[in-house]
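Same order as they appear, the protein sequences are chains Y and G.
The opening residue of the first sequence carries number 86 in the working numbering; numbering runs sequentially from there.
The opening residue of the second sequence carries number 86 in the working numbering; numbering runs sequentially from there.
FYI, nobody ran anything at the bench for these hints, they're computed from the structure.
Treat the hints with care, as some may be off.
Identical copies look the same in the list; a pair holds intra-copy or inter-copy alike.
Here are the simulated EDC-like pairs of lysine to aspartate or glutamate, each with C-alpha atoms no more than 20 Å apart in a straight line [said to hold, decoys possible]:
| id | residue 1 | residue 2 |
| --- | --- | --- |
| 1 | LYS262 | GLU365 |
| 2 | LYS214 | GLU294 |
| 3 | LYS373 | GLU170 |
| 4 | LYS373 | ASP240 |
| 5 | LYS109 | GLU314 |
| 6 | LYS214 | ASP232 |
| 7 | LYS185 | GLU135 |
| 8 | LYS214 | GLU162 |
| 9 | LYS136 | GLU294 |
| 10 | LYS109 | GLU307 |
| 11 | LYS112 | ASP313 |
| 12 | LYS262 | ASP374 |
| 13 | LYS234 | ASP374 |
| 14 | LYS109 | GLU135 |
| 15 | LYS321 | GLU167 |
| 16 | LYS90 | GLU307 |
The structure presented is a predicted model; accordingly, all values stated were derived computationally and were not measured.
2 protein chains.
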Amino acid sequence: MKMIKTALGIDIGGTNTEVGLVDKNGKCLQIQRFSTAADRPFVEFMAQLEKAIALITHNGEIKPFAAGVGAPGANSETGRLEDPENFSWGSVELAGIMQKKFGIPVKVINDAKAAALGEMKYGQALNLKNFVQITLGTGLGSSIIIDGKLVEGHDGLAGELGHIKVRESTRQCSCGKIGCLETYASANGLCRTVFELLSRNKTDSKLREYSYEQINSQMVFELAQNGDELAIEAFKYTGTVLGETLAGVISLLNPQAILFAGGLTSAGNYLFEPLIQSIEKNLLNMHKDTVDILISDQRINYAVSGAASLVFNTNGKHK
Amino acid sequence: MKMIKTALGIDIGGTNTEVGLVDKNGKCLQIQRFSTAADRPFVEFMAQLEKAIALITHNGEIKPFAAGVGAPGANSETGRLEDPENFSWGSVELAGIMQKKFGIPVKVINDAKAAALGEMKYGQALNLKNFVQITLGTGLGSSIIIDGKLVEGHDGLAGELGHIKVRESTRQCSCGKIGCLETYASANGLCRTVFELLSRNKTDSKLREYSYEQINSQMVFELAQNGDELAIEAFKYTGTVLGETLAGVISLLNPQAILFAGGLTSAGNYLFEPLIQSIEKNLLNMHKDTVDILISDQRINYAVSGAASLVFNTNGKHK
Numbered sequence: 086m087k088m089i090k091t092a093l094g095i096d097i098g099g100t101n102t103e104v105g106l107v108d109k110n111g112k113c114l115q116i117q118r119f120s121t122a123a124d125r126p127f128v129e130f131m132a133q134l135e136k137a138i139a140l141i142t143h144n145g146e147i148k149p150f151a152a153g154v155g156a157p158g159a160n161s162e163t164g165r166l167e168d169p170e171n172f173s174w175g176s177v178e179l180a181g182i183m184q185k186k187f188g189i190p191v192k193v194i195n196d197a198k199a200a201a202l203g204e205m206k207y208g209q210a211l212n213l214k215n216f217v218q219i220t221l222g223t224g225l226g227s228s229i230i231i232d233g234k235l236v237e238g239h240d241g242l243a244g245e246l247g248h249i250k251v252r253e254s255t256r257q258c259s260c261g262k263i264g265c266l267e268t269y270a271s272a273n274g275l276c277r278t279v280f281e282l283l284s285r286n287k288t289d290s291k292l293r294e295y296s297y298e299q300i301n302s303q304m305v306f307e308l309a310q311n312g313d314e315l316a317i318e319a320f321k322y323t324g325t326v327l328g329e330t331l332a333g334v335i336s337l338l339n340p341q342a343i344l345f346a347g348g349l350t351s352a353g354n355y356l357f358e359p360l361i362q363s364i365e366k367n368l369l370n371m372h373k374d375t376v377d378i379l380i381s382d383q384r385i386n387y388a389v390s391g392a393a394s395l396v397f398n399t400n401g402k403h404k
Numbered sequence: 086m087k088m089i090k091t092a093l094g095i096d097i098g099g100t101n102t103e104v105g106l107v108d109k110n111g112k113c114l115q116i117q118r119f120s121t122a123a124d125r126p127f128v129e130f131m132a133q134l135e136k137a138i139a140l141i142t143h144n145g146e147i148k149p150f151a152a153g154v155g156a157p158g159a160n161s162e163t164g165r166l167e168d169p170e171n172f173s174w175g176s177v178e179l180a181g182i183m184q185k186k187f188g189i190p191v192k193v194i195n196d197a198k199a200a201a202l203g204e205m206k207y208g209q210a211l212n213l214k215n216f217v218q219i220t221l222g223t224g225l226g227s228s229i230i231i232d233g234k235l236v237e238g239h240d241g242l243a244g245e246l247g248h249i250k251v252r253e254s255t256r257q258c259s260c261g262k263i264g265c266l267e268t269y270a271s272a273n274g275l276c277r278t279v280f281e282l283l284s285r286n287k288t289d290s291k292l293r294e295y296s297y298e299q300i301n302s303q304m305v306f307e308l309a310q311n312g313d314e315l316a317i318e319a320f321k322y323t324g325t326v327l328g329e330t331l332a333g334v335i336s337l338l339n340p341q342a343i344l345f346a347g348g349l350t351s352a353g354n355y356l357f358e359p360l361i362q363s364i365e366k367n368l369l370n371m372h373k374d375t376v377d378i379l380i381s382d383q384r385i386n387y388a389v390s391g392a393a394s395l396v397f398n399t400n401g402k403h404k
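If we strip away everything but chain Y, and leave its shape as in the complex, we get:
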């Protein structure tokens, strides 16, 4: 019996890390998840990662030939994580350290780009040549694909949609600027909008009972489903601001689709109805109805298979 050739696909997120054993078709044969604990030292993360890899390789019985890693702040050229926001690790030689520890070649890529690669090769964006991928998680990640290729930019820094300024002198962003899209269109941005609306409106709302520390996007969604007007309004505002920016992106790049992933997409029409309205309102007539709005399969983390695809070339051989 011939052994199936497998690679590790690893998605390091701000909250959780997923480690998958992936074949050359992007199928995930085994998966382990653990808490990233980004506020703890990097060595603790490495210990957790080692445990997870031991589990999915049956203590080394299965031998993945290489690993692809998606992580915030990852630099494909150097293999480093460049002091990612919300992580206490500083800059880390991730590829080098992992290579030494696990004895296999390691490639790293920005997490949003890993997700876009996965969607393009195995997911909702199969056969799409021009699209924008947006991950609405704790923050806002994005990638651009033009003519079937990930746009890297001149220095590998393209795709920072989350840090486009969308409002004058308002919300502080973790990047140090003011009014970035991410401070509105993300799980965290939604909660900030709730507090802005609480301060501005007199609407009755269950949300008045929670502190800033207690609130999260899932709660806002559940309250919206129960008819809480302020919760519904918060999603509407989020969709409206995001839609304005995306209309600009469509004017600029004329993509065939925008593909949304991330936890916030589970809000469905509470988010997407105002979002689509806002896009349409801000487009030139010639751009109207040119774009499909796609939502990723919530059950599958395509960043895992996208990261693994880095180490498979089209022949399934390692290069």
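With chain Y held as given, fit chain G onto it using these hints.
Here is chain G on its own, set in the frame of chain Y:
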């Protein structure tokens, strides 16, 4: 003596049309200019074009093998002008009509894209692989080059930077929307800013003596040079708004340069100082100092050679 192989390069602008006899190196051997008269019937334009071509071909003695045309609203696929704004021609089968009339193959392209092609092949953007070209004329034209290729988008509609919404509920745009970048960052937008400032401030200014019909961007520039504070302020505001949007474009695409062309660039530092300040202010730290600001040679209309380059392939043969 071997005849030099030449093509016609034609740039149809809202105000003037230029017709050049261009060799395969983009050199313009002859040039004629006439008023487009976009408000008059298309047949009158064709009569003018015929005259200009007769002049530069010495009444047919020189035989260009093909023509490339840059024009607003041009669709490369169909060869049509699709009812360009500020033109009374409606939709016109430009390539087909010209082919019949002049007996040579004709290709058309959007004017902003013709300019970018010309700059990339023969001008300031020689050897640049990732840049954004912005023409600040009556309106705002733009093109994006990624990995050495013009970004067309899924339907050939990419590059409409001028119609990104930059301000809430303010200026009406000729496209029917509100608050488009073009209503701020263009010769026309500058004049609108002058009138906004005149209405808002009490500043003494020579500009109070002119009507909206009388004013133009050249006058505002000359007054700025004479120290007119309101004129200087108008350029500052124009640069600031444009810079905010360009910071977003840089975040998204990480180009190595932004190349400015068009009449408004002659304002020099009145425009570019606040523009660069505004870009820097709105960029992520990692994007700072990654972009060169380039200004096109005001003496050369690269759209003419860019349009002609459409019909020369890399071997100088017609394809």
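A quick look at each hint next to the structure:
Taking identical chains as interchangeable, the C-alpha atoms of LYS262 and GLU365 lie at most 20 Å apart only when they sit on different chains, with a minimum of 11 Å there against 28 Å within one chain. Taking the closest pair of Cα atoms, LYS214 and GLU294 never come within 20 Å of each other, the shortest separation being 47 Å inside a single copy and 54 Å across copies. Only between protomers do LYS373 and GLU170 lie at most 20 Å apart by alpha-carbon distance; the minimum there is 17 Å, versus 36 Å within a single protomer. Taking identical chains as interchangeable, the C-alpha atoms of LYS373 and ASP240 lie at most 20 Å apart only when they sit on different chains, with a minimum of 11 Å there against 33 Å within one chain.
Proximity of LYS109 to GLU314 under the C-alpha cut-off of 20 Å is found in neither arrangement, the shortest distances being 47 Å within a copy and 65 Å between copies. Proximity of LYS214 and ASP232 under a CA criterion of 20 Å is satisfied in both settings, with 5 Å inside one chain copy and 15 Å between copies. Taking identical chains as interchangeable, the C-alpha atoms of LYS185 and GLU135 lie at most 20 Å apart only when both belong to the same chain, with a minimum of 12 Å there against 72 Å between chains. Taking the closest pair of Cα atoms, LYS214 and GLU162 come within 20 Å of each other only across two copies (18 Å); inside a single copy the shortest separation is 24 Å, beyond that limit.
Taking CA atoms no more than 20 Å apart as the test, LYS136 paired with GLU294 passes in neither setting, with 41 Å inside one copy and 78 Å between copies. In this homomeric assembly, LYS109 and GLU307 never come within 20 Å of each other (Cα to Cα): the closest approach is 39 Å inside a single copy and 65 Å across copies. In this assembly of identical chains, LYS112 and ASP313 lie within 20 Å of each other by CA distance neither inside one copy nor across copies; the values are 41 Å within and 67 Å between. Taking the shortest Cα distances, LYS262 and ASP374 sit within 20 Å of each other only across copies (17 Å), while inside one copy they are farther apart (34 Å).
Proximity of LYS234 to ASP374 under the C-alpha cut-off of 20 Å is found in neither arrangement, the shortest distances being 24 Å within a copy and 26 Å between copies. Taking identical chains as interchangeable, the C-alpha atoms of LYS109 and GLU135 are never at most 20 Å apart, the minima being 23 Å within one chain and 61 Å between chains. In this assembly of identical chains, the alpha carbons of LYS321 and GLU167 never lie at most 20 Å apart, being 35 Å within a copy and 36 Å across copies at closest. Taking CA atoms no more than 20 Å apart as the test, LYS90 paired with GLU307 passes in neither setting, with 43 Å inside one copy and 71 Å between copies.
Checked against the numbered hints above, the structure violates hints 2, 5, 9, 10, 11, 13, 14, 15, 16; every other hint is satisfied.
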